[in-house]
Amino acid sequence: MRSPDGEEGLVVRKIRHGTVIDHIPVGRALSVLRILGVSLTGPHRIAVLINVESRKIGRKDIVKIEGLEPRLEDLDRIALVAPTATINVVRDYRVVVKRKVEPPREVRGILRCVNPTCITRQEREHVTPRFVRVSLEPLVYQCVYCGSLLTEKEIVEQLTGGVG
Amino acid sequence: MSEGWLGRDVISILDFDREDLEVLFEEADRMKSLLANGSVPKTLSGRIVALAFFEPSTRTRMSFEAAAKRLGAETIGFTSEEGISVAKGESLADTVRMLDSYADLIVLRHRYEGSALYAAEIAVHPVINGGDGRQHHPTQAMLDLYTVREAHGVIDGLTYGVLGDLRYGRAATSFILSLGLFKPRRVYLIAPPSLEPRAEVMMLIERLGIPAVKARLEDVIGELDVLYVTRIQRERFPDPEEYERVRGAYRVTPSTLEGAKRDLIVMHPLPRVDEIDPRVDSTPHAWYFRQARNGVPVRMALLNLVMGGGAS
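Residue numbers (the working numbering), protein chains in the order written: chain D, 1 to 164; chain C, 1 to 312.
Hints in this document: simulated from the structure, not taken from any laboratory.
Because the structure is a prediction, the values reported are computed rather than measured.
Treat the hints with care, since some could be wrong.
Taking beta-carbon pairs under 10 Å as the criterion, some of the chain C residues facing chain D (in silico) [to be verified]:
(1) 91
(2) 92
(3) 134
(4) 213
(5) 238
(6) 240
Beta carbons are placed, not taken as given, at the ideal position from N, Cα and C, and that holds for glycine.
Whenever a hint applies, use it, and build me the whole structure from the sequences.
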């Protein structure tokens with residue numbers, strides 16, 4: 001495995017089995033961990049690099065988690081808070097899967113509309129919220145029902161309870 | 001007649017294209033002359049239209065009812081949440097399922113944005129959006145465009161000013177977006193800063209290539225062919241104090257219209273509060289009552305096309 005760029009100067013041991021998530025927008029590493037359901041006091045060994053240099057995106061965060069592979073359903077959520085992220089699954093020190101996440105064109109459930117008078121916000125109605133992606137950079141989704149826009153900041157807040 | 005209209009839901013004006021609207025306007029012309037001759041055929045005889053108005057309405061509900069009855073259809077429905085099971089806690093979904101089993105088409109007005117789309121997903125029969133919160137009012141936009149076409153002979157190439165509450169007003173929003181289906185020369189957005197269009201509407205204006213610019217009425221009045229005035233939507237303000245700050249922010253009077261083109265038409269989806277001085281009513285610019293009258297032939301045309309009433 002090639003060492004992810006920007007790691008030079010910070011000594012972080014390679015992992016044997018687990019996941020390296022690279023190219024996370026600065027400040028979002030803890031959000032990604034939260035989405036993966038990884039507790040900082042749990043059983044996994046975790047390395048978090050915050051605000052390191054990146055050739056691709058200027059500055060970035062990186063997380064390494066020993067002994068955990070992301071579930072397929074986590075990928076969309078990671079893409080929503082870290083649209084530039086690359087996911088490397090490592091087995092026996094070798095990268096067996098390398099994948100750039102892509103924010104989905106359509107999101108069902110997961111997110112909540114920001115407009116309190118949207119039909120999807122009415123508890124009595126049980127409507128599954130649906131959003132379509134209307135911009136990639138910056139990431140913006142639009143509610144299919146009421147048209148309201150959901151910004152990247154709002155998405156991060158919703159998915160991680162306000163942790164940046 | 002256009003097969004394109006048959007059985008269609010009418011949720012947003014942007015669900016349609018220019019050709020669809022031209023078909024509708026020709027059908028509305030035909031309805032208008034049949035009404036004038038007193039010879040409207042009962043093409044929807046034996047059909048039932050449900051009018052589900054969860055929010056107050058005068059013109060939209062009554063013109064739909066008149067339109068349905070002129071064509072021989074029966075109407076069922078209600079005009080507020082009181083007295084129906086919604087007041088007991090019934091969901092919109094269950095109310096729509098019931099109406100769908102009783103009627104051949106549902107016209108829905110509801111305070112929540114997205115309610116009409118949601119109803120259309122549930123109902124087997126077509127759903128026509130009679131206004132969903134601050135979002136869409138497609139049939140108002142249809143009759144508005146029809147009125148412009150009647151007054152000026154064209155919709156393309158004209159200069160429009162849309163004045164008032166462009167933030168919460170669904171009629172104003174639908175009208176502005178409907179111009180994206182045509183080729184207006186210029187669309188001036190004239191609103192107090194706190195009532196400018198919402199971000200998603202500005203995004204659509206840009207995507208549709210509508211030549212819209214913000215302006216002050218006094219700077220552009222001499223250029224306008226159409227001045228579309230709207231009421232400040234008091235009921236949709238999240239904060240009553242915010243409403244108090246903007247109420248009475250604009251008023252069209254005969255002196256406002258000095259310097260206007262001779263054939264400028266002033267439109268308003270009504271009801272008005274005090275945005276248009278009643279003294280404007282007697283000027284040749286006042287088109288809002290004719291506009292309201294067009295609600296019946298345009299909605300007749302719409303029901304006939306969607307319900308497959310045919311020509312005879």
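Status of the hints after comparison with the structure:
{"no.": "1", "hint": "91", "in the structure": "holds, 5 Å"}
{"no.": "2", "hint": "92", "in the structure": "holds, 6 Å"}
{"no.": "3", "hint": "134", "in the structure": "holds, 8 Å"}
{"no.": "4", "hint": "213", "in the structure": "violated, 22 Å"}
{"no.": "5", "hint": "238", "in the structure": "holds, 8 Å"}
{"no.": "6", "hint": "240", "in the structure": "violated, 16 Å"}
In terms of the numbered hints stated before, the structure departs from hints 4 and 6, listed from lowest to highest.
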